[in-house]
Amino acid sequence: MPPSVTLAVTRYRPEQESEPSLQTYEVPFRKDWVVLDALNYIKDNLDGSLSFRWSCRMGVCGSCGMMVNGSPKLTCAAFLSDFLPGPVRVEPLQHFPVIRDLVGDITDFMQKLKRVKPWIIREQEKPLVEGEYLQTPDQLEMYKQFSMCINCMLCYSACPVYGLEQSFIGPAVIALAQRYNLDSRDEAARERLEILSEHDGMWQCTFVGECSKVCPKNVDPAGAIQQLKLVGAVDWFKFLLPWGTR
Amino acid sequence: MSPGTQYTPYHPKWYRSRMSVWWWLQNRSYVYFVLRELTSVFVGLCALLLLWHLRALVQGPEAHAHFLAQMRRPFFVALNGVGLLFILFHTITWFNLTPKAMVVRLGGKRVPDWTIAGLHYIAWVLLSVAVAVVLLRG
Amino acid sequence: MRPITPFLWTLFGAGGTIAALLFPVHLVLSGLVFPLGALEAPSYDVLYALVRHPVTRLYLLVVITLPLFHWAHRFRYTLYDVLQLKHLYRLIAVLCYSAALLGSAVAAYTVWRIP
Chain P
39 MPPSVTLAVT RYRPEQESEP SLQTYEVPFR KDWVVLDALN YIKDNLDGSL
89 SFRWSCRMGV CGSCGMMVNG SPKLTCAAFL SDFLPGPVRV EPLQHFPVIR
139 DLVGDITDFM QKLKRVKPWI IREQEKPLVE GEYLQTPDQL EMYKQFSMCI
189 NCMLCYSACP VYGLEQSFIG PAVIALAQRY NLDSRDEAAR ERLEILSEHD
239 GMWQCTFVGE CSKVCPKNVD PAGAIQQLKL VGAVDWFKFL LPWGTR
Chain S
58 MSPGTQYTPY HPKWYRSRMS VWWWLQNRSY VYFVLRELTS VFVGLCALLL
108 LWHLRALVQG PEAHAHFLAQ MRRPFFVALN GVGLLFILFH TITWFNLTPK
158 AMVVRLGGKR VPDWTIAGLH YIAWVLLSVA VAVVLLRG
Chain V
37 MRPITPFLWT LFGAGGTIAA LLFPVHLVLS GLVFPLGALE APSYDVLYAL
87 VRHPVTRLYL LVVITLPLFH WAHRFRYTLY DVLQLKHLYR LIAVLCYSAA
137 LLGSAVAAYT VWRIP
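Residue numbers (my numbering), protein chains in the order written: chain P, 39 to 284; chain S, 58 to 195; chain V, 37 to 151.
In case anyone wonders, no lab produced these hints; they're calculated from the structure.
Treat the hints with care, as some may be off.
Part of the chain P face toward chain S, derived, beta carbon under 7 Å [stated by the list, open to error]:
#: 1; residue: I137
#: 2; residue: V141
#: 3; residue: P165
#: 4; residue: P198
Some but not every residue of chain V turned toward chain P, in silico, with C-beta under 10 Å [as the list claims (entries may be wrong)]:
#: 5; residue: R38
#: 6; residue: F43
#: 7; residue: W45
#: 8; residue: S79
#: 9; residue: Y113
#: 10; residue: D117
#: 11; residue: Q120
#: 12; residue: A129
#: 13; residue: L131
#: 14; residue: S134
For each residue, glycine too, the CB sits at the ideal point set by N, CA and C.
Just chain P, with the same shape it has in the complex:
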C-alpha cells in the first residue's frame, strides 16, 4: 500500500481563465477512502478553493457524480484503491457545461425531467375518504427498478447521443417516465408516450447501452427506452384496427 496517491483534478476559474486545466495534488492513501474523501482532504488541507458538489456520501443523493479516469462515477462510491497506482484523474461530468472546477450545470436535465410529468396522474383523483391506493407486490415489481433512479446524471455523461445532440431528452428522464407509465396507480401512459415520441425524444436513442452500464442503481434506462420503443411501435399500428384507439 503506497503512503500517498496523486489526484489530477480539473480546475476552471472563469474569472481567471478561458479553459480548464488539470491541477495535481498529493493525497494520503487510505484503503477505505473513496475519491470524495480525497477531494474533501484537498479542500480541507491543501486547497480550499476547489469547488465540487456532494452530500450524502453514501450513494443515494446523486450529487457527487464526476468523471474518474474518463468514466462517469459517483465519487462517494469510487474507491481510491481501485485506481492505484494513480494518478487519478477527476473531471466534471461529461456533456454538461462547466460552471467552475468540478461543478457542472444541470438545469437542462431538470427542465427535461419536468416535461415527462414524473408524478402520478389520474383522470379522477381518489377522494381521501376512500382510503389509500392498494398495490400488490407484482404490481410494485413492474416499475420498482425504474424508481431507483437518484438523478445522478451519470447516464447523460455516458450517452454519446446526448453528447452529440444536447436536445435529446436523455436516459434518466425516459426511465422515470416509464416508472410512472408502469405504475398501476397512474393513468397517463399515453400522454407520456406522446411526449417521448416528439422529435428529440426516445427515438433518438440508438441503444448504445452505456447508460445502463454506468448507472450506480441498476435502473437499466436502456431497457426502459427499448420497452417504450416497442410500445410506441405497436401503438403506431393501432390505426389499422377497426376498434383501435387513436
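We have chain P already, so just place chains S and V on it with the hints.
Chains S and V only, in chain P's frame:
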C-alpha cells in the same frame, strides 16, 4: 436549455467542450457499439447478394453460371467470409438485446432474459437447418 | 401528420430479426460452402423450380426487402453519430431509405416477373 449567451459582468462563463469525432474510440463499449452498428452494412450487402443471385437465376443458366463463377473468386470468398463474421456478430448481439425490448410476463412474473434469447437461438438453429435441407435436398 | 419514426423502427426491427435468423445459413452456404465445393450446390433446375413456387417468392421478397430497411435505418443513425453529419440529417435519411426502396422495388419486380 440553460441561458447561454447573455452575460452580466459577474456572470460566470460556462465552459462547453465539443465532442471529438473520435469519441467512439474512447472506450471499449463505444468501439463495440460502432462495430455492432456497422454490421448493418453487411446485412445490406447480404440482402443485395441474395437479390443478385435471384436475378441471375431468373435470367437463365448462363447468367446463373456466371454468378456462381463470381462467387468462387477470392475477392468474393473473402468478402463473404468477413461478411459472415459481421452477420454472426449481428445475430448474437441482436438475440442478446431483444429481451430488453420484449418483456414477456407469465402469471405476473417476468420471463427471464436468457429464456427469451434462448428461444431465439433455438429458432435460429431450426430455421437454419430447414433452409439447409431445402437447399441441399431440393 | 403522425411521425413515421415508429414505423421505420418496426421495419428496422423486423429486418434485423430476419437477417439474424436467416442470413448466417444463406451466407455460409451460398457464399462459402458451395463456391468452395465443400458440398454440392443445388443444380440450376432445382433452384429454378424452387424459386417459381409462390411461397419461395414471398420468402425471397421478405428476406431481401426488410433487411435492406434494417440497413437503411441503422446506417442513417450511424452516419449521424459516428461521422457527426447532423447538418445533413434530411439528406442522409432520404438517401438511405430511397436506396432501400430501390432495392426492394427491384426485388419485387424480379419476384413478380419470374416466368
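Numbered hints the structure breaks, given as an ascending list: 2, 3, 8, 12, 13 and 14
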